[in-house]
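One-letter residues, chain by chain:
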Amino acid sequence: MSETTSTSKTYPLGLSEHGFQYVKIWGLLLGLLVVSVVGPMIGIRWLTLVTAFGIAFVKAFIVATRFMHINLERKFVTYMVAGMLAFMLVMVAGISPDVLKHEGHHWVNKAANDAVDRGEKEGAAHAGEHEGAAEKPEAPAAEHH
Amino acid sequence: MSSNSESLGHLPIDAMSTAAGEATKTDTHGHSHDAHGGHGEHHEEQNFFLKYFWSTDHKIIGMQYLFTGMLMALVGGFTVYVFRMQIAFPGISVPGWGRVTPANYDGLITTHGSVMIFWVAMPVLIAALGNYLIPLMIGCDDMVFPRLNRLSYQIFAISILVLGASFLVKGGAFGGAWTSYPPLSAKAEYNLTPQGAPLWLLAVALEFVAFLLGGINFVTTVMNSRAPGMKMFDVPMVVWMIVIASILFMASVGPLVAGAVMLLFDQTVGTHFFDPNKGGDPILWQHLFWFFGHPEVYVVLLPATGIVAEIITVFSRKKLFAYKTVLYTAVGTGVLSFFVWAHHQFIAGIDPRMANIFSLTTLLISIPVAEMMFVFIATLYGGSIRLTVPMLWALAFIGEFLIGGVTGIFLGASGADIYFHDTYFVIAHFHYTFFPIAFISVFAAVTYWFPKMFGKMMNETFGKLHFWGTIIPFNFIFIPLFLLGVRGDHRRIFDYSRFPDLMKPGMPELRVLATLSLVTLLAFQAIFLLNFFYSLFKGKKADRNPWLANTLEWQTPSPPPHGNFPEGLPTVYRGPYEYSHPDRAQDYWPQNEKAAS
Amino acid sequence: MIRPIATTREATGIPTGRLAVWWVIASEIVIFGGLLGSYLMHRLGHPEWAYQSVHTNTAAGAFNTFVLLTSSLFAVLAHDAAEHKDGKKAAKYLMITCLGGLTFLCVKGAEWTHEIREGFTLTSNTFWSFYYTAAGLHGIHVIAGMIIMLFVAADAAKGKELQRVENIGIYWHFVDLVWIFLFPLLYIAK
Numbered sequence: 000m001s002e003t004t005s006t007s008k009t010y011p012l013g014l015s016e017h018g019f020q021y022v023k024i025w026g027l028l029l030g031l032l033v034v035s036v037v038g039p040m041i042g043i044r045w046l047t048l049v050t051a052f053g054i055a056f057v058k059a060f061i062v063a064t065r066f067m068h069i070n071l072e073r074k075f076v077t078y079m080v081a082g083m084l085a086f087m088l089v090m091v092a093g094i095s096p097d098v099l100k101h102e103g104h105h106w107v108n109k110a111a112n113d114a115v116d117r118g119e120k121e122g123a124a125h126a127g128e129h130e131g132a133a134e135k136p137e138a139p140a141a142e143h144h
Numbered sequence: 000m001s002s003n004s005e006s007l008g009h010l011p012i013d014a015m016s017t018a019a020g021e022a023t024k025t026d027t028h029g030h031s032h033d034a035h036g037g038h039g040e041h042h043e044e045q046n047f048f049l050k051y052f053w054s055t056d057h058k059i060i061g062m063q064y065l066f067t068g069m070l071m072a073l074v075g076g077f078t079v080y081v082f083r084m085q086i087a088f089p090g091i092s093v094p095g096w097g098r099v100t101p102a103n104y105d106g107l108i109t110t111h112g113s114v115m116i117f118w119v120a121m122p123v124l125i126a127a128l129g130n131y132l133i134p135l136m137i138g139c140d141d142m143v144f145p146r147l148n149r150l151s152y153q154i155f156a157i158s159i160l161v162l163g164a165s166f167l168v169k170g171g172a173f174g175g176a177w178t179s180y181p182p183l184s185a186k187a188e189y190n191l192t193p194q195g196a197p198l199w200l201l202a203v204a205l206e207f208v209a210f211l212l213g214g215i216n217f218v219t220t221v222m223n224s225r226a227p228g229m230k231m232f233d234v235p236m237v238v239w240m241i242v243i244a245s246i247l248f249m250a251s252v253g254p255l256v257a258g259a260v261m262l263l264f265d266q267t268v269g270t271h272f273f274d275p276n277k278g279g280d281p282i283l284w285q286h287l288f289w290f291f292g293h294p295e296v297y298v299v300l301l302p303a304t305g306i307v308a309e310i311i312t313v314f315s316r317k318k319l320f321a322y323k324t325v326l327y328t329a330v331g332t333g334v335l336s337f338f339v340w341a342h343h344q345f346i347a348g349i350d351p352r353m354a355n356i357f358s359l360t361t362l363l364i365s366i367p368v369a370e371m372m373f374v375f376i377a378t379l380y381g382g383s384i385r386l387t388v389p390m391l392w393a394l395a396f397i398g399e400f401l402i403g404g405v406t407g408i409f410l411g412a413s414g415a416d417i418y419f420h421d422t423y424f425v426i427a428h429f430h431y432t433f434f435p436i437a438f439i440s441v442f443a444a445v446t447y448w449f450p451k452m453f454g455k456m457m458n459e460t461f462g463k464l465h466f467w468g469t470i471i472p473f474n475f476i477f478i479p480l481f482l483l484g485v486r487g488d489h490r491r492i493f494d495y496s497r498f499p500d501l502m503k504p505g506m507p508e509l510r511v512l513a514t515l516s517l518v519t520l521l522a523f524q525a526i527f528l529l530n531f532f533y534s535l536f537k538g539k540k541a542d543r544n545p546w547l548a549n550t551l552e553w554q555t556p557s558p559p560p561h562g563n564f565p566e567g568l569p570t571v572y573r574g575p576y577e578y579s580h581p582d583r584a585q586d587y588w589p590q591n592e593k594a595a596s
Numbered sequence: 000m001i002r003p004i005a006t007t008r009e010a011t012g013i014p015t016g017r018l019a020v021w022w023v024i025a026s027e028i029v030i031f032g033g034l035l036g037s038y039l040m041h042r043l044g045h046p047e048w049a050y051q052s053v054h055t056n057t058a059a060g061a062f063n064t065f066v067l068l069t070s071s072l073f074a075v076l077a078h079d080a081a082e083h084k085d086g087k088k089a090a091k092y093l094m095i096t097c098l099g100g101l102t103f104l105c106v107k108g109a110e111w112t113h114e115i116r117e118g119f120t121l122t123s124n125t126f127w128s129f130y131y132t133a134a135g136l137h138g139i140h141v142i143a144g145m146i147i148m149l150f151v152a153a154d155a156a157k158g159k160e161l162q163r164v165e166n167i168g169i170y171w172h173f174v175d176l177v178w179i180f181l182f183p184l185l186y187i188a189k
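Protein chains in written order, with numbering that gives the first Met the number 0: chain A, 0 to 144; chain B, 0 to 596; chain C, 0 to 189.
It is possible that part of the hints are untrue.
Unchecked claim - Computed list of lysine to any residue pairs in SDA-like fashion (alpha-carbon distance at most 25 Å, straight line):
1) Lys74/A <-> Pro14/C
2) Lys463/B <-> Gly414/B
3) Lys230/B <-> Arg17/C
4) Lys84/C <-> Ile24/A
5) Lys539/B <-> Met69/B
6) Lys84/C <-> Arg73/A
7) Lys109/A <-> Tyr180/B
8) Lys84/C <-> Val22/A
9) Lys100/A <-> Ile346/B
10) Lys186/B <-> Leu121/C
11) Lys100/A <-> Pro193/B
12) Lys277/B <-> Tyr327/B
13) Lys120/A <-> Lys277/B
14) Lys230/B <-> Leu121/C
15) Lys277/B <-> Gly171/B
16) Lys463/B <-> Ile417/B
17) Lys540/B <-> Ile59/B
18) Lys74/A <-> Val23/C
19) Lys186/B <-> Gly163/B
20) Lys91/C <-> Tyr78/A
21) Lys169/B <-> Lys230/B
22) Lys323/B <-> Lys109/A
23) Lys157/C <-> Leu14/A
24) Lys120/A <-> Asn276/B
25) Lys74/A <-> Tyr327/B
Hints were generated in silico from the structure; no laboratory data involved.
Next up, chain A with everything else stripped away, as it sits in the complex (with noise of 0.2 Å):
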């Protein structure tokens, strides 16, 4: 942001022009935040995952390109933080086999299931009681597959 701005125009609160840029963004990022909380309401799985986990990533990159201006630092930042992201891709690839899964060539992780098991019967017991939760029970259901 080193280039000089004209100051012909004048905006609202007395901002600069990149201020009000700024300003703009942020009101971008508010609508988002608000789909993203909204999004789950409706009840739908995959608009859930997408309004959640596909917004996240919306909010991450106007963050990262218009408050942080990685765009216009040299290119090696960017690869340097992409090069990090990466690295956790390959950890969580290769720790999910053994930890995400319960089960696989030859293997079960009994201790695990009947953590599963336990937690999925304290959890109906419990929502039988609270009226509040009674509308969530099929929620587990869709987090398999």
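Model the placement of chains B and C on the given structure of chain A, informed by the hints.
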């Protein structure tokens, strides 16, 4: 990482503009080159404490790390002496310690492993050499964040105090191995060190913070503050290696920091992150640990190879063979090192299909490392080799590390690893890689840079005596352990006399041979310490370039004054390895020497 | 301490301070990446956690997202003011950013108090362990950012070290970014 190199490639133009701008900039800061260079003389009187403990000078901080690392090496050496005696002579009262209890034994092994890796190899190879060499070798007067640098050492010092405290608390030093696998490490009723465990974890975490701060400092310094004219491929290899290692460390340690917080909560407040009975998963810790632990091998290996590259070129009076290949290989090795970690877990119950993938990547990573070794041998080929003490160490590094690398192939293949993994074969392989890294290359570095650091020459005769007195016993320790490992000698055993299968003819004798060799090796270290301190005070005075080397640190007085280059900061005209250039009478060509024409 | 000449060089074309901030962020990405990656793998493997995550307070989370986004706006406005060499204005905006951080922590405190009273503590279930650990680690970063920001603002008000306004701003946006991912992970995906 390749991105990093790309931006450095912009340098020529940037550097020239910096060169032009620097004079004016320093003027505005109120101290010109000359004022700065000369300020060693009219420096305000500092007392001993301020000069050696509160300094922001990168050379002092480097030496703080070096001496601390040497001190910790004594701790690591003592612990291994005690538990090796127990292994060779079960039940004996060890001179200097007494009888070893099973709990002692666990604590000693854990301390040996964690001290040697986190408090010897890391601080000496990265922090000490990085701090001392980077500003000198890239031709600037200090790190870009001198106070951050001091803070980094102070945090490191605190981590040692915390570790030291863990020796004194109830239950003694942590006894859950340096890998700290839960549930052994998470539950005090298993490791029997209720207070040692969290203190150990805290010490390791502090040490990580210190090296993160140091690493950020190293990387930004090298990226931004090179001497005018020093392009990407004019940077000495050891500096490149320390930078790549710092980035690897930064990228791999994060998940372990997160894991350490989780483990600390498991130990102290009773969460169940790693408790399978409560929905946690102990395998997760192993993954997080080795996701760091394997790149960590390359974090220390790369600076070691960088040291060897510097020394081999100087003492064979030849250009480094294939500079760019070594550099790209190092970057490639670094990236690949993030894809191999689970080969430490082949017998931990990971999915066999993943084991196949990790076997393949592990075998792949031996290619670039082997390539680096070939490059060093090619550099030696046809050179006029001078067998000085640093050169002996550098050559020994290549030979000994090759044994470590080749035996690694057996362990990288998951089928063979299932037999070997719990035997002494693993211990021998590991030490054939780490001893060359943490000691052989460090001895090479210390004997090579000693004249620069302290302005005195080390004694060659004592140096050679120490060299042979270290290398020969080293092989007599670990070749027996290979043989024991092949015979199925189980590691993690406190008292072998209770296991008739492991007491077959020949096995106890090999253990005794290994232990006696270890005692010999430790005894010979006294010669090094003697030589070090004798030369420090009484050694022959060294001139500024005793080895006739090209790199910038040799073009300034020994030891360099505060501000490093009293004649003004250097400008660089060529690469670091222009030895035996056909157009020159002298067989070396300093990087900062202007071409005659 | 005399400032070394090393600090005035700029071979990459990025000022040293900002370059270091990017490296800090790179190293933070892997810390949060490791924690959130671990959480994600457990979450997908443990459908029963849905019974626990039902109890997180989406409204509080959404409000905190709003607070952090707004504080980020003021951080970037402070940067803009610093670009125009207006240190006083930059300091003022930084203080507002800090105020945002404080509001965030207060909401977090109230939220946690309520949840702990309900019996959802760090040790009650691994979901809650992750919930408190992840948000706590993030909270520590918020606090650290606020402390540094106060120092930067104090300097900026005197017109000194204005380049630091941008640097602390970049860090603050990163803290905001982490929360942008924590919010759906902990509050929305139920």
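Structure-based check of all given hints:
1. As the CA atoms of Lys74/A and Pro14/C are separated by approximately 14 Å, the hinted pair is consistent with the 25 Å bound.
2. With a C-alpha separation of about 42 Å, the suggested pair Lys463/B and Gly414/B falls outside the 25 Å cut-off, and the hint is violated.
3. Of the pairs offered as hints, the one joining Lys230/B and Arg17/C holds, with about 22 Å between alpha carbons and a cut-off of 25 Å not exceeded.
4. Restraint check for Lys84/C and Ile24/A: satisfied, since their Cα atoms lie roughly 23 Å apart, inside the 25 Å limit.
5. Taking the CA atoms of Lys539/B and Met69/B, the gap is about 23 Å. The hint holds against a cut of 25 Å.
6. The straight-line distance between the Cα atoms of Lys84/C and Arg73/A is roughly 23 Å, inside the 25 Å bound, and the hint therefore holds.
7. This hinted pair checks out: Lys109/A and Tyr180/B have alpha carbons roughly 20 Å apart, not beyond 25 Å.
8. A C-alpha spacing of about 20 Å is found between Lys84/C and Val22/A, which places the hinted pair at or below 25 Å, so the restraint holds.
9. Our distance criterion of 25 Å between C-alpha atoms is met by Lys100/A and Ile346/B, whose separation comes to about 18 Å.
10. Among the hinted pairs, Lys186/B with Leu121/C is consistent with the structure: their alpha-carbon atoms are about 17 Å apart, no more than 25 Å.
11. Between Lys100/A and Pro193/B the CA atoms are separated by roughly 33 Å; this puts the pair beyond 25 Å, and the hint is violated.
12. Among the hinted pairs, Lys277/B with Tyr327/B is inconsistent with the structure: their alpha-carbon atoms are about 46 Å apart, more than 25 Å.
13. With a C-alpha separation of about 14 Å, the suggested pair Lys120/A and Lys277/B falls inside the 25 Å cut-off, and the hint holds.
14. Between Lys230/B and Leu121/C, the direct Cα distance comes to roughly 52 Å. Violation of the 25 Å bound is thereby established for this hinted pair.
15. The suggested pairing of Lys277/B with Gly171/B is violated, with an alpha-carbon distance near 29 Å, which exceeds 25 Å.
16. For the given pair, Lys463/B sits about 41 Å from Ile417/B by alpha-carbon distance, which is inconsistent with the 25 Å threshold.
17. As the CA atoms of Lys540/B and Ile59/B are separated by approximately 20 Å, the hinted pair is consistent with the 25 Å bound.
18. Among the hinted pairs, Lys74/A with Val23/C is consistent with the structure: their alpha-carbon atoms are about 17 Å apart, no more than 25 Å.
19. Proximity of Lys186/B to Gly163/B is assessed by CA-CA distance (about 21 Å); at most 25 Å being required, the pair is judged to hold.
20. Our distance criterion of 25 Å between C-alpha atoms is broken by Lys91/C and Tyr78/A, whose separation comes to about 34 Å.
21. Among the hinted pairs, Lys169/B with Lys230/B is inconsistent with the structure: their alpha-carbon atoms are about 55 Å apart, more than 25 Å.
22. For the hint pairing Lys323/B with Lys109/A, the CA-to-CA distance comes to about 51 Å; that exceeds 25 Å, so the pair is violated.
23. A C-alpha spacing of about 21 Å is found between Lys157/C and Leu14/A, which places the hinted pair at or below 25 Å, so the restraint holds.
24. Annotation: proposed proximity of Lys120/A to Asn276/B holds, straight-line Cα distance about 16 Å (limit 25 Å).
25. Distance restraint check for Lys74/A and Tyr327/B: the Cα-Cα separation of roughly 19 Å lies within the 25 Å cut-off, and the hinted pair is therefore satisfied.
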